[in-house]
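Line by line, the protein sequences are chains A and B. According to the working numbering, the first sequence is numbered sequentially starting from 1. According to the working numbering, the second sequence is numbered sequentially starting from 1.
It is worth saying that the hints were derived from the structure and are not from the lab. All C-beta atoms, glycine included, are put in the ideal place defined by N, C-alpha and C. Any given hint could turn out to be false.
Said to hold, decoys possible - If you want a taste of the chain A side facing chain B, the calculated C-beta under 10 Å gives, among others: (1) 30; (2) 48; (3) 51; (4) 53; (5) 55; (6) 59; (7) 60; (8) 71; (9) 72; (10) 74; (11) 80; (12) 87; (13) 96; (14) 145.
What the hints assert, rightly or not - Calculated cross-link-like contacts (lysine-lysine; reagent style DSSO-like; alpha-carbon spacing at most 27 Å): (15) A:221 - A:260; (16) A:129 - B:173; (17) A:29 - A:260; (18) B:18 - A:16; (19) A:138 - B:244; (20) A:16 - B:85; (21) A:114 - B:18; (22) A:221 - A:183; (23) B:173 - B:18; (24) A:138 - B:85; (25) A:129 - B:18; (26) A:132 - B:244; (27) A:29 - A:221; (28) B:18 - A:183; (29) B:244 - B:18; (30) A:132 - B:173; (31) A:212 - A:16; (32) B:85 - A:129.
As the list claims (entries may be wrong) - Stretch-level coverage of chain B by chain A, calculated; a stretch enters the list once three of its residues show a Cβ under 8 Å from a Cβ in chain A: (33) 2 to 9; (34) 89 to 100.
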Amino acid sequence: MSTVIHASNLTKIFGKSIAVDHVSFEVQKGEIFGFLGPNGAGKTTTTRMLTGVIPPDAGTANILGHDIRSEPVLAKQGFGVVPETSNAYTDLTAWQNLMLMGELYGLPRARAEKSSSDLLGMVGILERKDQKVQAYSKGMKQRLILAMALIHEPELLFLDEPTSGLDVQSTQMILALLHDLNKQGTTIFLTTHNMEEANRLCHRVGIIRAGKIVAIDAPEKLKTAIDQVHKIEVSFDRDVPDNSLAGLEGVITVNRTGDKWQITTRNKDATIHSVSAFSQQNGVAIVTLNTLAPSLDEAFLRLTQETQQ
Amino acid sequence: MNPAGFSIQMRRAWAIAKKDIRIYYLKGPVLIFGVFMPLFLFLAFLMGSRQLPLSFLVSGLVGMTLFFTATAVSPAIFPWEGQAKTLERLASCPVTVEAIVFGDMIASTLFGIGITIITVIIGLVLGISLMHGIMLLTAILLAAVCFSAVGMLLAVPPTNVPSNIMMLSSLIKFPLVFISGIFIPLEQMPPWGLALAVCSPLTYFTDIVRYAFTGMHYFPVIIDITALAVFTVIFTVGTMYLHKRTMPQRM
Numbered sequence: 001m002s003t004v005i006h007a008s009n010l011t012k013i014f015g016k017s018i019a020v021d022h023v024s025f026e027v028q029k030g031e032i033f034g035f036l037g038p039n040g041a042g043k044t045t046t047t048r049m050l051t052g053v054i055p056p057d058a059g060t061a062n063i064l065g066h067d068i069r070s071e072p073v074l075a076k077q078g079f080g081v082v083p084e085t086s087n088a089y090t091d092l093t094a095w096q097n098l099m100l101m102g103e104l105y106g107l108p109r110a111r112a113e114k115s116s117s118d119l120l121g122m123v124g125i126l127e128r129k130d131q132k133v134q135a136y137s138k139g140m141k142q143r144l145i146l147a148m149a150l151i152h153e154p155e156l157l158f159l160d161e162p163t164s165g166l167d168v169q170s171t172q173m174i175l176a177l178l179h180d181l182n183k184q185g186t187t188i189f190l191t192t193h194n195m196e197e198a199n200r201l202c203h204r205v206g207i208i209r210a211g212k213i214v215a216i217d218a219p220e221k222l223k224t225a226i227d228q229v230h231k232i233e234v235s236f237d238r239d240v241p242d243n244s245l246a247g248l249e250g251v252i253t254v255n256r257t258g259d260k261w262q263i264t265t266r267n268k269d270a271t272i273h274s275v276s277a278f279s280q281q282n283g284v285a286i287v288t289l290n291t292l293a294p295s296l297d298e299a300f301l302r303l304t305q306e307t308q309q
Numbered sequence: 001m002n003p004a005g006f007s008i009q010m011r012r013a014w015a016i017a018k019k020d021i022r023i024y025y026l027k028g029p030v031l032i033f034g035v036f037m038p039l040f041l042f043l044a045f046l047m048g049s050r051q052l053p054l055s056f057l058v059s060g061l062v063g064m065t066l067f068f069t070a071t072a073v074s075p076a077i078f079p080w081e082g083q084a085k086t087l088e089r090l091a092s093c094p095v096t097v098e099a100i101v102f103g104d105m106i107a108s109t110l111f112g113i114g115i116t117i118i119t120v121i122i123g124l125v126l127g128i129s130l131m132h133g134i135m136l137l138t139a140i141l142l143a144a145v146c147f148s149a150v151g152m153l154l155a156v157p158p159t160n161v162p163s164n165i166m167m168l169s170s171l172i173k174f175p176l177v178f179i180s181g182i183f184i185p186l187e188q189m190p191p192w193g194l195a196l197a198v199c200s201p202l203t204y205f206t207d208i209v210r211y212a213f214t215g216m217h218y219f220p221v222i223i224d225i226t227a228l229a230v231f232t233v234i235f236t237v238g239t240m241y242l243h244k245r246t247m248p249q250r251m
């Protein structure tokens with residue numbers, strides 16, 4: 001696995017405030033990396049530094065093997081950018097916008113035309129390709145800038161809140177597209193507020209708070225890592241005595257709610273094994289067995305609040 | 001091929017120029033402004049000073065037309081695009097700041113040349129004879145690039161409010177017209193006026209245009225051409241350098 005993004009001590013200062021404070025992380029080829037954080041945490045500023053739109057005040061960013069400051073054109077040739085606000089030229093048609101992008105990425109005319117047709121078809125605006133973008137809805141504009149970012153078939157795609165404020169149809173279309181692109185090998189750097197989106201799509205997420213990275217891990221690991229004590233919910237086909245579960249390995253507390261038992265444990269793996277062994281030894285069948293991990297929302301809130309305190 | 005190479009960046013600059021022409025220049029009001037603004041200034045001056053020959057006034061009209069058209073739109077492109085966030089789109093594409101600036105310059109150069117040729121035709125229709133056509137064409141090409149660079153220099157302050165730039169632009173452009181031998185022949189200028197005139201690239205262009213139409217000139221033609229070329233290089237290099245420094249502040 002090769003490193004596609006290598007950010008090292010990236011720092012950006014606006015006046016007296018440090019917007020991004022020595023942020024370091026890596027994104028590997030083929031990953032979908034989610035970059036999460038509350039408003040004003042430094043997500044967009046970091047993305048802008050990574051994409052060469054603004055220079056960092058300190059630190060380096062190596063994108064696709066090229067330093068974004070010393071070799072910006074070579075780095076930019078290999079990635080596409082979907083910013084939060086649609087920035088297609090509204091006085092041009094969708095087709096003219098795509099042709100412009102084709103020329104800016106140095107594509108031969110025939111290839112640019114073929115890619116444009118395919119992409120506009122894929123995002124569902126081919127039939128309106130000759131209409132000026134100013135007449136487009138927000139969802140259509142967002143789908144167009146996604147097509148514009150993909151015209152040169154980039155290895156890496158940066159997306160800043162790509163589904164923010166979109167209707168369900170456009171959101172689902174964009175998420176499905178990102179999933180497919182990733183399956184075809186495109187590395188994706190996704191900035192989002194939407195925990196559900198990050199949870200569904202991302203292999204790893206980085207959480208930034210007040211300009212500093214507070215956690216980087218796989219969503220599931222991040223969710224479980226924030227709690228030292230884990231919860232397991234189990235139900236059996238027959239009644240079992242309260243104290244029989246309390247003695248199992250790793251169990252701290254046992255509470256009965258309806259026909260289910262809620263167990264807290266410090267060692268989730270050992271407790272699940274001992275519950276399984278208990279059911280076999282006592283001839284009771286397990287009906288349901290769930291691990292109750294906190295949601296990514298909870299993980300996010302806990303991590304960002306802890307840093308704030 | 002290296003996408004950062006000169007020839008590839010030039011091609012991308014041309015793509016930006018085509019985009020500019022489509023979006024900013026091929027608009028009715030812009031074209032009308034380009035033709036009528038210098039024409040009205042000329043008519044106002046014609047009515048006020050009838051003792052000057054028509055060939056002198058048409059030469060001034062050609063000078064004004066090129067200067068105003070080549071600097072009319074270019075100062076506002078960066079603020080407009082900064083406001084619409086399309087500049088961020090360009091900044092994230094594999095295009096250097098120099099190529100973006102040069103693309104804007106190409107568009108304003110072509111616009112300036114196109115409108116100025118119309119003005120030359122008007123002069124010919126009014127009965128003025130053209131004595132040095134090749135020299136006029138050379139001067140128009142050179143001055144168009146020079147004035148486009150002036151236009152881009154005016155856009156250097158990193159504001160995304162076009163009206164601020166247009167105000168600054170007017171404050172600089174109008175005084176330049178008055179010190180460049182358009183309304184008052186250089187021969188009739190006081191020494192301090194002449195000292196100011198030599199600092200304006202428009203002076204040299206107007207001098208060549210006058211030479212092309214009347215055969216008379218104040219400076220030797222080679223000096224006019226050299227001065228225009230030097231101004232062009234200084235302004236082009238200067239605007240690219242300064243935009244590279246101020247561009248991130250627009251984002």
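### Task
Compare the structure with the hints numbered earlier in the document and write down the numbers of the violated ones, lowest to highest.
1, 6, 7, 16, 17, 18, 19, 26, 28 and 30
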